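J.: Chain by chain, the residues:
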Amino acid sequence: MTGVQDITSTSKSAAAIDKARAEGRAALIGYLPAGYPSVEQTIAAGIALAENGADLIEIGIPYSDPVMDGQVIQAATTEALAKGFHVREVFDVVRGITSKTDAAVLVMTYWNPVVRMGVDEFSRRLAEAGGAGLITPDLIPDEASEWMAASDKYGLDRVFLVAPSSSPERMKRTVDASRGFVYAVSIMGVTGARSSVSDAAEGVVAAAHAAGAERVCVGLGVSNAGQVREIAAYADGVIVGTALVAAIRDGGVDAVAALTKDLSTGLTREEA
Amino acid sequence: MVRPMVDAPTTGSDEGTADAFLQGDRSLRHAPGPYFGSYGGRWMPESLIAALDELEDTFEKAKADPDFVAQIKDLNKNYSGRPSLLTEAKRFAEHAGGVRVFLKREDLNHTGSHKINNVLGQALLAKRMGKTRVIAETGAGQHGVASATAAALLGLECVVYMGAEDCRRQALNVARMELLGATVIPVTSGSQTLKDAINEALRDWVANVDHTHYLLGTAAGAHPFPAMVRYFHEVIGEEARAQILEQAGRLPDAVCACIGGGSNAIGIFHGFLDDPSVRIYGFEAGGDGVDTGRHAATITLGKPGVLHGARSYLMQDDDGQTIESHSISAGLDYPGVGPEHAYLADIGRVSYEPITDAEAMDAFRVLCRTEGIIPAIESAHALAGAIKVGQRLAAEAAAEGKAADSKIVIVNLSGRGDKDVATAAEWFDLLDKDSVEAEIGKEGEQL
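So the protein lines, in turn, are chains A and B. Taking numbering that gives the first Met the number 0, the leading residue of the first sequence gets 0, the next gets one more, and so forth. Taking numbering that gives the first Met the number 0, the leading residue of the second sequence gets 0, the next gets one more, and so forth.
Please keep in mind that the hints were generated in silico from the structure rather than gathered at the bench. Just so you know, these numbers come straight off a predicted model, no measurement behind them. Some hints could be false.
[As the list claims (entries may be wrong)] Only some residues are given here: those of chain A computed to face chain B with a beta carbon under 8 Å:
#, residue
1, VAL66
2, VAL114
3, VAL118
[Stated by the list, open to error] Residues from chain A shown here face chain B by an in silico Cβ test under 7 Å; the list is partial:
#, residue
4, MET67
5, ARG115
6, GLU142
7, SER164
Just so you know, even glycine gets a beta-carbon here, dropped at the ideal spot from N, CA and C.
Produce the entire structure from the sequences given, and follow the hints as far as they go.
T.: Quick look at the structure:
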């Protein structure tokens, strides 16, 4: 595991996951799109996430071509863009949350907005805002040389995705390139609530652990405390997105707080 | 890694490579990808990488398999009707400074455009991979119709994603696809255009990749698509090169093609990339004019970025959000461009220039009236470009003390214009204002 051990001490994401682990539970990671329904609301909802049990917060940058997102998140990010969201405002959101909470705040972004701003400049501003790192759904380690350099320079976590379809070689390569944690995609598909968690998820987590990952978190399709409990039994963290976006859409910040509180009841490992 | 392109090992029979472009040290033909200079690559979700690897592997093995090559040749000849003609357009040439103009007649292929070359190849690969379902994106419906055609021929299930607005405007093409047994799914997300149809097809692919092949319609996207789609279209350039040598006894001075994603262009360009005496031109959709913001001139005004799996030129705003493109031609109305074109632009091998809607429609009318050929509006952009190039060449000939007809231009006539009759009739005000066709034409319908 080239370099992973050395930098763990400076990884905000790793620290947040390790803190949860020390408490005998999995970490909860909540996703919110920046600027939906407004920048202020995103900050307020992010703080509510942290105050109600989320250990890490994932702030998505609305993008014109979100190929990995299902309808709920697409609708939210399309609305944010229609209201005039600008990429630079994501740093205001990150700063707004990190200045009020101890949660590790990552940015989830498709790659072109980062390319446009400049990978180094984007990284510098994210670090300056107190951000923990980036989750990159359409950037694979093969294309990430610029991001590897910038994330090292600014001490940011780089969270790559692994999938049920990842070969052992790719699993190893992606785990080695990641810092903070590895994002295990639970299912071959896009974001969106599903009635049950795919059987594939546990296998992906096991494969990532076997490839040397110390922290593997599971996302896609997780929407309730029961599913959180199921995943917390084998993963280091559980990522919830669409359900939180639906909550802020339907009930604002209060609904986000209530759902987070409920989701967090599933984190404790019963048999651990 | 400035120029990782190397000669493929199988190019021994290409006499052109001996005269390689750029100091003779390197061939531009058969660039294997994944990178074309700094363009190309795989900017894709990890979930799809295994499928791209499988496709690349299948494609590489198929190219080396004489059975596959023979299968493609047989379909090209006995199904598509290849080789397509190279027709000298003598009356049209009078409008192009009096140089000799030859049309590469991809409009005569089955389904009416170059698109059939690629869909047959990819559908055969889908079968080799044991996939039973193909999905495709379409704007005006041409690639959707071609995909539905190949799927029907080879017994594959076919689903076509098409912007909801396009479905309404292109009702007849939707019917065509359905007649051929395909399912058309209207896309209501994002801007509801071609790029959103691609997004939706990618979402489908992620979820169904076990049994589904994504039959991408242009020489863009993640590796191996740009190199693979070019491979299936290389036949255009190979035929054109042999035909012009036979008919004119020498290589042309210029080759012209229109560029949306760039598949017909890369197909014909490929035959001439290593011929330094041949100037190559790609004509982008200039829409209302590149200074109006309403255009699809991606290389002319775009900036490098990543979209739909590749790094290339891209129409984007300061935030990296994709900008909607505009063109009278649905087939050119795409805010990206294939990565090999981005590379050829940067090294100066191909010149890319915008052609406005008005210039394209003027050339459209000229070809109809001088040659009795109704071109696709996409191809009319290449014709308009050829008029300009012809006039420049004629001036050069005059300066050299030669006759204009000592110069030769080949234009890739990528498709026929039957689908564009309503748009053209509206443009030229040929319709009774109250007719149904006028109503359709206003919306950009292409019958």
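J.: Take the shortest C-beta to C-beta distance between MET67/A and chain B; is it under 7 Å?
T.: Holds. Min distance 5 Å.
J.: With a cut-off of 8 Å, does the beta carbon of VAL114/A approach a beta carbon of chain B closely enough for the hint to hold?
T.: For VAL114/A, the interface hint holds, since the closest Cβ of chain B sits about 5 Å away, which is under 8 Å.
J.: Does VAL118/A meet its interface restraint, that is, does its C-beta lie within less than 8 Å of any C-beta in chain B?
T.: violated (12 Å)
J.: Close enough to count: is the Cβ of SER164/A nearer than 7 Å to one in chain B?
T.: Status holds, d = 4 Å.
J.: Is the shortest C-beta separation between GLU142/A and chain B less than 7 Å?
T.: OK, holds: GLU142/A within 7 Å of chain B, min 5 Å.
J.: Report holds or violated for the interface hint on ARG115/A, using the least CB-CB distance to chain B and a cut-off of 7 Å.
T.: holds (3 Å)
J.: Go through the hint on VAL66/A and say holds or violated, using the shortest Cβ distance to chain B against 8 Å.
T.: holds (4 Å)
Comparing the model with each numbered hint stated earlier shows that hint 3 is the single one that does not hold.
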